[in-house]
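Student: Join the two chains, each given in its own frame, into one complex according to the hints.
These protein sequence lines are chains B and V, in that order.
The first sequence: position 115 = 115 (my numbering), numbered continuously.
The second sequence: position 72 = 72 (my numbering), numbered continuously.
Don't take every hint at face value.
[Stated by the list, open to error] Listed next, with one range per pair, are the computed distances between beta-carbon atoms: (1) 127/B with 108/V: 16 to 24 Å; (2) 149/V with 48/B: 37 to 45 Å; (3) 139/B with 36/V: 26 to 34 Å.
Rather than coming from a laboratory, the hints here were simulated on the basis of the structure.
Quick reminder that beta carbons are idealized off the backbone N, C-alpha and C, glycines included.
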Amino acid sequence: MTKKIIIEPITRIEGHGKVTIHLDDKGNVNQARLHITQVRGFEKFCEGRLFWEMPVITPRICGICPVSHHLASAKAGDAILGVELTPTAEMLRRLIHMAQFVQSHALHFFHLASPDFLFGMDADPAKRNIMGIIAEMPEIAKKGVKIRAFGQKIIAALGNTRVHPNAAVPGGMNKALSIDKRDEILNQVDDIIADCQFAVDLIKDYCIQHSEEAINFASFRTGYLGLVDTDGNVEYYDGTLRLKDSRGITLEDNVASKDYLSIIEEAVEDWSYLKFPYYKRLGYPAGIYRVGPLGRLNVADGCDTPLANKEFQNFKSLGSEGVVQPSLYYHYARLIEMLNAAEKIKLLAQDELICSKEIWVNSSKINEEGIGVIEAPRGTLFHHYWVDTSGKIRKVNLIVATGHNNLAMNRAVYEVAREFIKDGKVTEGILNRVEVAIRCYDPCLSCSTHALGQMPLEITIYESDGSIRQVLRS
Amino acid sequence: MRTLVLGIGNPILGDDGVGFHIAQELAKEIKDENIDVKDTSIGGLNLLELIVGYNKVIIIDAIMTQDGEAGEVYRLGPEDIGEPAQSTISAHHLNLLTTIKLGKKLFPKKMPGEVIVFAVNIQEVTEFTEEMTRKVREAIPKVVNLVLEGMVQ
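Chain V with its partners taken away, still in its complex shape (with noise of 0.2 Å):
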């Protein structure tokens, strides 16, 4: 049983950067070998060789929610992001749903049983900064401990 801890967000990019810190700071607190954990920038279709070959993923990630407050914290399955946008154009829009439907379809055996995603509500992420506000910052640790629990369980 192989799993992923995987932080995605940019650390340059104002609060979009709380995956990617959580993820480092995960590294630190995880010492299994069965368990890799990453942190990674990038975006769309480029997920999908990161998580292929894994039987289990827990990705950490930025969200941001029409009514959600900063620093909220969700736990999702890939299913509640939404369905793969049908208008595609650009590589940006290419989400996580199609990306793992994609995966299931070209690969079935290698793509991971079960897919967790912490998403963290975030709010300011217009200008380049390695700043995070406040109340998103707040929440690393809380991440940071659920998905230490999740483990042990």
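Isolated chain B, as found in the complex (with noise of 0.2 Å):
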């Protein structure tokens, strides 16, 4: 029989949100480490199934990103099958992912950082989330929830279920827009242009109140990792890779994505899951490179919407040598992306292609690899599969958006520990800022489902002899 009982909080899986803070005997930080639960097996799990199958299976690995995976995995079937997809297929593929990005960084910015903001980083965490916001700011909080919705909404059209779509098939897609739609889209689009540019305004108002702040919160020196296009401006769904160093200075550029092993390498830790991707010419951990919004802009010449481009050229003004380098600034740049996204289904929705019917190509070919690589609203995702004739699945290898920020991530909390903890004495509100730096990189900490019940954010602090001294829990 069912029983009643109340749930205390829980951490539904081991590790989820840990922080691990280690003093050396002055009572100074030592290291300070991020603790990722990643789920095994993945590639074992996928190991004698057809290639067309894994655009179904690979948004199942995240209820919070699925169309990400959705679209890499596509890719690296059209690259199986070595075809070339109908413009109209392309720019529809295009569209599910500039919503995919509407809907990801209205999320983010809204529900998730926009408190921070609002109310001020040492504010009463009671009040500092977005139920706070929707009771003080109700204005906020309704532009947040329009925006994600009109994501979503396309997302919906296309995809048939709103989370866990089916749109995209190697060689192309599996359904058309209708014209009832895309007016929809078009009828709607300035409207949220707006609320987008609103955000904008919002963020970039507070990096100017708060430069200060901004300038030395978890800042530090990186390189930067993105897509660009053949003009070098912000790419998201093709596009050829590009790296800079922290000084600007562009080292890698023009390199197929297909080719994205010989710039980068994994190294294991035996204290994560989660491997920890670096640029190989510099080795490891020297080779630490951000993705996502600010290595986005950081590597890219421009925007190619005219409002997103100013917002651009605002945003790299702040830098020196051509790079952003603070940690706060991602959700600068995640609005101007939200933006450049919003003016891009717009452009999308005029094209009078965007309705064709010509959606899909066959071919009976079957390369042994294919590689599909985008710019998913975390930052790179490389999905790689190694098939036989048949078209099985022989292998299969996997880089997120979160494991290429891995290093910074951690990094970002051992600035943040250092400047808290000074001599064995731990200022307070240590838990908000180590919360704020790692929000800004807005990783995806475990790929589970979802949760009942509470997952805290934790912190350990060690003693140099190795003794627990305090534990901290949001």
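Tutor: Okay, structure coming up:
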């Protein structure tokens, strides 16, 4: 029979959102680590399945960012078939991708990040959350909901289901865009672009007013990686890889995404399931680089839409030597991308080919290998499949955005810890600030589906002799 | 009166798939035009769009408790799940109660008046597999019956 219980706050999966800080014998920070749980065995799970199934399987890796895995997987399938998409199929892929950007970035900013900015980082956590925003600034909360719903509606129009889409298949798309749905997008898009501009202005004001805080908070030098188009603009769906160093010097350019292994290697640490990718030529860990909004804007020369490009130029002026380093500027970069994505949705919807029914091409060819690379909202995503002659998966390699940023997030936590723990004294507010630092990167901490119950962030501080000094929980 | 029966779970993540499989079973049993049976692998705020517009929602999900045994079934209200996480370092941290509270503020007229959660205590979610552990698998018919009995009442 059923029994009624009250569930204590639980950590659903061991290690979820766990930070450890080790002090030296003077009570200063020696080492800080962010432990990220990764579900194991995905490669093995895929072995023997047909590559056709992968765009349906891979979105289940994550309940938060399924469209990204879906598209990267379909692109790897295109490469196995050796096909070039019809113009409409490619535009529809781009449309659903930009819709995912709009909804993901809106969710992150309005629901997760904005309370830190609108209430201040040291405000009472009981208020400093989305419920506080709804109570005190309902107009802002409503804009967030509206922008997000717009993205979700486009995903639903193309993907049959709202969150685990089956829109794309190797060789193209499953479903054309109806004229009605296209018109709905066009009717609403100007309003959404205006709301995205509003969000950019909000964060820009914050950055101007708090520039000192932004520059001094979790700021450190790294390289940056992202896709760019043929004009050097920020590119999300295709393009070539560009990598810059911490001084803004381009170290790699025009690298075909299928050649990613020529510039990236992955290190393994015994304390983390998640691997640590790094730039091969500089070695580990000197080859640290960042991906995601900050990475993309730092490697690019501009944005391909007018409003976003104006903001891009302003953003770039915040940095020296052509790159912007502080972690907090991730938020600014993210909202410029949201604006860029909304403008791109408008351009795609205005194209007369968008409603064409020519959305799929077949091929009898099966190449042994296929690589699909896209810029997911959180950063560069690689799907690499090896198949046998019948198209059955022999091997899979995935590098996800949170993996690329693994080294950087650890570094961000270290920087914050060093600021808040000095000579054995732990300053109040450390928990808040570690959260704020991690949140900049919008990590996918665990690709488990969902969670009943709480998932507090837990920080354990160890003395130099290995004994536990203090455990902090949010 | 419109009811949604929603099984949440990832069918390729071991025991986590239990809610998904229960929904699939229930879909075969329930033939009432006022009741929708759906399964989903999504989490967080995305659930909101699925439950808006229904009068009553029955959620079937997996849970991990500190002392519970695998396969145990709990009948919960949203208020039993724990206060919404104040810490939200990622979108994974928006839990069901946060989602419902948020919905009630944003769409007070569209939110279901009644939300019931059947939670199955699970054991193994560290590896991608379609296999569930035995006790969790055995809980499936039990929960199917509980939901069906609840409908008759």
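Student: Now, for every hint given, state plainly whether the structure supports it.
Tutor: Evaluation of the provided hints:
As the Cβ distance of residue 127/B to residue 108/V is approximately 21 Å, the hint placing it in 16 to 24 Å holds. The hinted range of 37 to 45 Å is satisfied by residue 149/V and residue 48/B, whose Cβ atoms lie roughly 41 Å apart. Judged by the Cβ atoms, the range 26 to 34 Å given for residue 139/B and residue 36/V holds: they are separated by roughly 33 Å.
Checked against the numbered hints given earlier, this structure breaks none of them.
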